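With these hints in hand, go ahead and build the complete structure from the sequences.
For what it's worth, my numbering labels the leading residue of the sequence shown as 1, then goes sequentially.
Rather than coming from a laboratory, the hints here were simulated on the basis of the structure. Quantities reported herein were computed from a predicted structural model and do not represent experimental measurements. Hints may contain errors.
Stated by the list, open to error - Think about it this way: if two alpha-carbon atoms lie no more than 25 Å apart in a straight line, the pair counts; the simulated DSS-like pairs of lysine-lysine are:
# : residue 1 : residue 2
1 : K41       : K61
2 : K41       : K139
3 : K119      : K95
4 : K130      : K120
5 : K193      : K139
6 : K87       : K139
7 : K120      : K109
As the list claims (entries may be wrong) - FRET-style restraints, in silico, Cβ to Cβ:
#  : residue 1 : residue 2 : range
8  : T128      : T3        : 48 to 54 Å
9  : V48       : Y201      : 48 to 54 Å
10 : V50       : K130      : 51 to 57 Å
11 : K87       : F54       : 26 to 32 Å
12 : Y201      : N49       : 17 to 23 Å
13 : S52       : D129      : 24 to 30 Å
From the three backbone atoms N, C-alpha and C, an ideal C-beta is built for every residue, glycine too.
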Amino acid sequence: ENTEVIFDRFRKITPGTTKLYRGSGLGLSISHQLAELLGGKLWVESEVNVGSKFYLLLPAKQADTKNTIVKNPDKKSNSYPDWNNYKILIVEDEKDNYFYLKSVLTKTKAALVWANNGKKAVDLYKTTDKFDLVLMDIKMPVMDGYEATKNIRDISPNQVIIAQTAYTSTEDREKIKLAGFNHYLSKPISPQKLLQTLGRYLSE
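Now the structure itself:
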């Protein structure tokens, strides 16, 4: 009975329960609208206690490859800085998000250390040799990014700490600034933006 309303905006709590699902409740709504804008549709078939199947149908058009010009790729766009001598602490509770950051930063040859919550980040910071940069998530269990940053600042006031967050309202940006972060990155983070921002603080 809920297969239609799940495409409504901000729907993320199952009626009749108190379970709160992570996210803003916009993903399916946006996907549904995008499918319609592309001339297709998105729908779901669901069976209680069994599961759900989502279907995406989009119109296809035969590509005209006769006059297609294949340009040589720009070598510079695929180049990565050499951060072989730098150590970066990535603080991120979502494993998939960490693997994404790792896939990009591994190509710079930087040494990467992962902490999946703020408390682990602070503990690592106390027992590990100097980090050149800390990439800090804001929303995390056990200890959030604000408290973790405060603890790290108490140990090393000049540590470069860059916030990464999905919360980018004016109020959130001001709070991040007041918390003492050097910079912030809005999720989803593109590889180019990630490298460009970190590059401000890590010399090649």
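Looking back at the numbered hints, which does the structure fail to meet, lowest number first?
2, 11, 12 and 13
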